[in-house]
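Participant: Given next are the chains, with one letter for each unit.
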Amino acid sequence: MSTGQLEDLHKYLLGIADNSLILGQRLGELCGHGPSLETDIALTNISLDLFGQVRSYFQYAAQIIADDKVTEDSLAFLRIEREYRNVLLVEQPNTDFGYTIARQFFFDAFHFLFLKELENSKDETLAAIAKKSIKEVSYHWRFSSDWIKRLGDGTQESHDRIQEAVNDLWMYTDELFHQTDADKEMIAQGIGVDTLAIKKSYYKMITEVLEEATLAIPESKYWHKGGKQGIHSEHMGYILSDMQYMQRTYPNMEW
Amino acid sequence: MSTGQLEDLHKYLLGIADNSLILGQRLGELCGHGPSLETDIALTNISLDLFGQVRSYFQYAAQIIADDKVTEDSLAFLRIEREYRNVLLVEQPNTDFGYTIARQFFFDAFHFLFLKELENSKDETLAAIAKKSIKEVSYHWRFSSDWIKRLGDGTQESHDRIQEAVNDLWMYTDELFHQTDADKEMIAQGIGVDTLAIKKSYYKMITEVLEEATLAIPESKYWHKGGKQGIHSEHMGYILSDMQYMQRTYPNMEW
Amino acid sequence: MSDKEVKNLEEIFEARIARDEKIEPKDWMPEKYRKTHIRQMSQHAHSEIVGMLPEGNWISRAPSLRRKVALLAKVQDEAGHGLYLYSACETLGISREELYDQLHSGKAKYSSIFNYPTVTWADMGAIGWLVDGAAIINQVPLCSTSYGPYARAMIRVCKEESFHQRQGFEIMLKLSQGTQEQKDMAQDALNRWWWPSLMMLGPTDAESVHTEQSMKWKLKRKSNDELRQQFIDQTVPQADLLGLTIPDPDLKFNEETGHYDFGEIDWEEFWQVVKGHGPCNKKRMKDRVGAWERGAWVRDAAMAYADKKEARAKKRKTA
Amino acid sequence: MSDKEVKNLEEIFEARIARDEKIEPKDWMPEKYRKTHIRQMSQHAHSEIVGMLPEGNWISRAPSLRRKVALLAKVQDEAGHGLYLYSACETLGISREELYDQLHSGKAKYSSIFNYPTVTWADMGAIGWLVDGAAIINQVPLCSTSYGPYARAMIRVCKEESFHQRQGFEIMLKLSQGTQEQKDMAQDALNRWWWPSLMMLGPTDAESVHTEQSMKWKLKRKSNDELRQQFIDQTVPQADLLGLTIPDPDLKFNEETGHYDFGEIDWEEFWQVVKGHGPCNKKRMKDRVGAWERGAWVRDAAMAYADKKEARAKKRKTA
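Chains as they are written, first to last, in our numbering: chain C, 1 to 255; chain B, 1 to 255; chain X, 1 to 319; chain P, 1 to 319.
So that you can see chain C by itself, here it is in the shape it has in the complex (with noise of 0.2 Å):
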């Protein structure tokens, strides 16, 4: 590969790491505090697959770039602000229960038709993180569609909680198909995935488990977007400062 094919490569696996970065440290912040220890070790669980994947993504990244100062370390902790490349769905705060399993819902389907396309991958490394991934995240995808049915058709409270969370964070959810310059020549490739290809399986994939929990279908199309352009919401400064918070006070240490 030439150097600018390996720089839209290297920006592409931390536009996917990213997401699953994000997202796992919201996660990381329920431990312990979750409404019973099942959901606890459940959403642990997602958490850690999360990161494990982060880890393979980041080491590859690492990899193809020639700087030795690069690490997943680096590339997890001492970016700034505007270089993380997750959507911001995944940056969305754990309001409650019903929130974190909506966003959960909403990423996981994404994540799922996605890691299938990107099992078909022409480069190797990521075809292979796919593939482990995969498994990881169908249970995931189980996990959360099945408490949406529990909440959506539970109690008439967790209906109307559920319903609120789902229409709030529903205007994230264009944004995970998005394609940023980096994407579209990696999906010219043959190595990334064409995420228009799979959105119309994805509003098919949440719709039907919507309506089976009893939820209305959220009519809004406005769309939020700039997490990929690295515009973020006001939530990503604070995530950043407790993540950073240890490599930016002691800066150049092994741990």
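Quick list of in silico lysine-lysine cross-link-like pairs, DSSO-like style, CA-CA up to 30 Å: (1) LYS275/X <-> LYS199/C; (2) LYS204/C <-> LYS282/X; (3) LYS225/B <-> LYS282/P; (4) LYS149/C <-> LYS315/P; (5) LYS159/X <-> LYS135/B; (6) LYS283/P <-> LYS225/B; (7) LYS149/B <-> LYS282/P; (8) LYS149/C <-> LYS283/X.
Between beta-carbon pairs, the in silico distance windows are: (9) ASN120/C <-> THR245/X: 40 to 48 Å; (10) GLU38/C <-> SER87/X: 49 to 57 Å; (11) THR214/C <-> LYS26/P: 38 to 46 Å; (12) THR245/X <-> ILE80/C: 14 to 22 Å; (13) ASP240/X <-> LEU78/B: 32 to 40 Å; (14) ASP250/P <-> PRO251/B: 39 to 47 Å; (15) ASN94/C <-> THR3/B: 49 to 57 Å; (16) LYS131/C <-> GLY258/P: 50 to 58 Å; (17) GLY93/X <-> PRO93/B: 35 to 43 Å; (18) ASP250/P <-> PRO93/B: 36 to 44 Å; (19) GLU38/C <-> PRO249/P: 41 to 49 Å.
Hints in this document: simulated from the structure, not taken from any laboratory.
None of these values were measured; they are calculated from a predicted model.
Every residue gets a Cβ at the ideal spot worked out from N, C-alpha and C, and that includes glycine.
Here the structure of chain C is known, so what remains is to put chains B, X and P in place on it, guided by the hints.
Facilitator: Positioned in the frame of chain C, the structure of chains B, X and P alone reads:
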């Protein structure tokens, strides 16, 4: 003064200033989120006064240390958690307006009595800072004790809520009077305030207000301590990760 | 009152305004005048209050003590502006409670600019420089508006706003004289705030309603497009001074008109944000409504206490 | 049953235990055995759950991805231990709901060690090394305790705990091989956790209740003081290896006894924390109770959904 004495004075200054710094920071978090515009303005004002005082102490503390790298900002933003000397009281969270007021009330009474004595310090700079600050702090005390009365003698709900806050924060009051070795040295030299000598007035002062507010005086005699030795509550790390964010992320820059 | 009498009063009223006399709360005024003023003044007050949030977002993270103090003071000033403006609005016979209800229910508007996120510290500079800059251009003419309490509130507001604007510019200046990272931060903030600031001056004259009536009542003295041109003409040289590039490839000084020509504004984005779909509309309203609801018990307590105190005072008097 | 019959059953029961047979949930057991086991097992389960909080405090701030993953996995293991232990406890005829109620109302205890704050990253090392180290010493003998479900749960727990302990030691090792700041951090953590870890092994034998009975039932096999000595003897050489100093000036190897002599433990602090006045008792309970209360609607929903699903399945069957 000898180098040792200057070091003790430096530590003494940080001990005073850190209380105002962390309390000012806590109040700053509330800006725009108060129960009314008037209380919002008043709490921001207290925060402003506290930061103003912090700057005076830190500028003086930086001046007496023979190290160009020590500035008011390095003292505020670049120490590690174990080096901050504030009492545990001021780092307690803004749980609700009741906790915010109770924390303020417990601190203001001490702060007022402390500055009244500090006006007589043999150190002219300190005496001058105290003289300037005491006007501000007597206003803070009026504000917080008025609100203790309003909440205590307001509705049943407000009575219960402020009583809970008073009960929960009571155990942090004793630490206000603890003396570190540097404190003792400064007292011996007529520079520092003998906090033990103002303790009785303190409890009298707050008891009178609590009684007028129809609140019960907590009976617990278990006290919490550690802040003055740099052993803080688990809240402190999060305060610092936000407060230090910019200085840590962009080191050695001018703002 | 007969229609004729009302007509007569209206004529006298309009004549007073034409003579640059101030209308005071106790004076007779047409119902439409009252309503229009309540709408505009409360919208202005709401903007101050909601405007505290995007800047409040950086108080805990300000990079130096000096900047932290200045930012706190600025946000506090905004709360103060809110206070004057609500008070001025209350002179028209509407309560603060009602005004808040209008804001919280979404019935009343506030300036759309506050529905953008503050992403970096440089946004504190850009908001002061651009947003307060555009606000001043909107507001200076209001210092001589016809309604006395509004005009007097605006005189105070404008004085402080221009201080804020200089402060914002100074933040930008410091960044643009700093490291490459700081320069990038400043440029990035300008890129993100430029177009929303232009939109702040309102829709194009063709799309603007209420204008004629507002001109007569001195609630407006120049058209949106004139104000926008004034803002651009004033701001471009400042950007040059900062060494920053305004993100508009069509921006160019026109020797003939003596003004800057500029590119097309994305009005679709403007209307999307106005209609409640900007990046932070939901968050701002959740924050405001949340603070208000969480504060209910505090306000109730203050009221109950005041009542008790009054009752006790009465009792003492009669005893 | 007559008193004689009960006495007879008790004798058979005690004889079974003496023969190292396991008691299983369906076996007859004296009421005191049941109650003592519920108390100890639930206290153990509660400790796992509350113990998630001080370590959970550093998940969002772990200094590397590797450490973050390991810490998450560790806290998750603790949740898992809680789960086994609650399940084992439930075999004695008490519900999870009741057990939580006892914890949340303050009726049930949990290990006092978790009432200390985690102040720096090094505390993640110190907790693994010292706290898990002391826990293992307490727990290994329980792998052969008399109550079957408890013994089996403990076998799983101990296996994971010793992994956690090694992991904690490795964090300390890395710090003690690092920069001066890292060494200081490690030493500071040891200073703060040393004495509380010694206290974890319980009051001195003179002050300890229930011991004799517990020995018979194999709920306890060594006295607190013996366990403490074992912990100290095992830990001092590890501290030496790390190049860290144990904060006890009286600590000294006694050639005669072959054990380390050590200084006086501050039992006043111990009892203060046990009685609920430690640095974090209130915070831990607020966090637990808060999570439980905030989760009520979720648990209700899950129950309602399960009921609906069952009803639907029945309907389909009968249709």
